[in-house]
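Chemist: All letters in the sequence shown, in the order written, are residues 1 to 571 by this note's numbering.
I should point out that these hints are in silico values taken from the structure, not numbers from a laboratory.
A portion of the hints provided could be inaccurate.
[What the hints assert, rightly or not] Quick list of in silico lysine-lysine cross-link-like pairs, DSS-like style, CA-CA up to 25 Å:
| no. | residue 1 | residue 2 |
| --- | --- | --- |
| 1 | Lys403 | Lys474 |
| 2 | Lys474 | Lys392 |
| 3 | Lys228 | Lys216 |
| 4 | Lys216 | Lys357 |
| 5 | Lys105 | Lys26 |
| 6 | Lys105 | Lys403 |
[What the hints assert, rightly or not] Computed Cβ-Cβ distance ranges for the label pairs, DEER-style:
| no. | residue 1 | residue 2 | range |
| --- | --- | --- | --- |
| 7 | Leu567 | Arg484 | 30 to 36 Å |
| 8 | Leu23 | Glu522 | 42 to 48 Å |
| 9 | Pro173 | Arg115 | 26 to 32 Å |
| 10 | Gly57 | Leu22 | 37 to 43 Å |
| 11 | Ile494 | Ile27 | 50 to 56 Å |
| 12 | Glu522 | Glu108 | 43 to 49 Å |
| 13 | Cys559 | Val326 | 17 to 23 Å |
| 14 | Glu486 | Gly555 | 43 to 49 Å |
| 15 | Ile186 | Ile494 | 32 to 38 Å |
| 16 | Thr208 | Gly298 | 32 to 38 Å |
| 17 | Glu522 | Tyr205 | 31 to 37 Å |
Positions of the beta carbon are idealized from the N, C-alpha and C atoms, including for glycine.
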Amino acid sequence: MELTASAWLCWISPLAGAPIILLADKISRWLRDGLAVGFPFLSLIASLLLLPNLFNGVYFEEEIAWFSILGFRPISVGVLVDPLSIVMVNVVTFISFLIMVYSLKYMEHEQGVARYWFFMNLFIGGMVLLVMSNNFIFFLVGWKIVGLCSYTLIGHYYRDEQRHWIGGPPPTPRYPPSYCGLKAWIVTNIGDTLLLAGLILLYVYAGTANFTELFKFSSQWMPEVASKPGMLTLIGILLLCGPLGKSAQFPLHEWLPEAMAGPAPVSALIHAATMVKAGVYMIARFLPIFYYGYWVGGFDEALSFFLLAAYIGAFTAFLTGTQAMVSLELKKALAYSTMSQIGYMMLSLGIAGLNPKALVYGYLAGLFHLISHALFKAALFLGSGTMIHGCKSIYMSDMGGLKRHMPITWFLMWVASLSLAGFPLLSGFWSKDAILTSCLLAENYWLFTFALGTAAVTAFYSIRFMGLSFHGEKSSHLAKLEERGERPREASPIMWIPYAIMVGLTILLGILGPNFEGLLHEVFKGFFYGELPLPTNGVLSPIPLQVYVTSASIGIFLCGAIPAYMLYVTR
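All chains should be built: construct the whole structure from the sequences, respecting the hints.
Modeler: Here it is as structure tokens:
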């Protein structure tokens, strides 16, 4: 298969496959389910074929004219294959495929299975289109597909039976799935509307929607923008509003906890592979343009893009981390955790633009954490689906002592939770350390302090989550289930094998952490300073700082983990 064909196939396959699944449903359940998993698998294969390009430096762009309007440039649909899109498309398709395999058993007896498969494939296709598009017009098409699918999948149980409501326990209010889906749609569309305004302004001044041309000709259009006081700042703020909504960052963050009303695989897809990662991708895609504007063009207003991303990310990371510390609802605690970890990624990408010394390292640290988070967070959400099915409750207070009933899930969830907590030699340890190191490279000690404090909070809620769910005495709720002969059981292999693979890769990435990080560093250093190119402005090696950061990171992990272990695991 030609590489250009692979670049197109990876997003066309799930998008074109979605309506075919509805037709197959009329023929056979087995055909429907096979195609539902087969289209994402084909997308994964096409994405893997692009992976060698990441290391051999062969990047390309291809577009096809779509339509033209008199007086305007033709609108084209195209693909852009560069290090960022290659990394993102492989993360999205790999995690998505495993989630779809898990869904085969999880959704076996659920309502609306054909509708579920249709929107899941559409969701995956929209996200892949978003990351592969060479222009922000089709990027926006993918962006809106992702938003639409999140609305329908969060509200999958639209009949609003009480057993699918989330929230609580009393006196905390509970909400039906239809309300939760609508809330997600409204809040994210606030950000989307402002994003659209920013993209329109950008097109008016730049005269192009092509990402490559936006950067290549920034020396021509950016001075005109900068000549109008406040305009470059306004464009930067408007563009950031989209990621703040889509990636659930302050102040557009409160839709995500209620998004847990959908099936567990939907939660995994939203948190690990698609929707909330879209905002991180967008900031990474626009970063070189604003970096050039400030550090080369000397336009001071371009710096606001990075300041807002970094400080909003840091604040969200700490705020939502503290919310995860007290949540009793299983998936809601994980949702707050996701917002916190996305905040880390935003912080890292913001740091990359605040100091030239941190450009490459801050950028790759954000992407490294995105990869690491995708693996352990998808595993945690899939495992939580197993736990909720087994316990017939969404509350950790209704669990306890699950270790004896679900030993495989217990072990896998512990590894994933420890990676989230930043336990040494797991993937989350290295990616979090990379973010802390980038803060020191940028010489921003306020953000370093915020990030370090959040690391302690993360360790606490990760251990608390496991202690409440798997350790201690069984709850009165579980005792009643056992009296009725409904003892919790381990999931079937088709459900736990997908998250076992994710956990295995988390361990492998932890073992290879410094080598993997070094490999990414060389790839993006070559891309930024060779392909784009951007000025080096004194690139520093992060190695001397890593010794201090690692020591501080281990210490802060213990500060959060030990109290949580004493309070919740040994109770």
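Chemist: Which of the numbered hints above does this structure break?
Modeler: 11, 16
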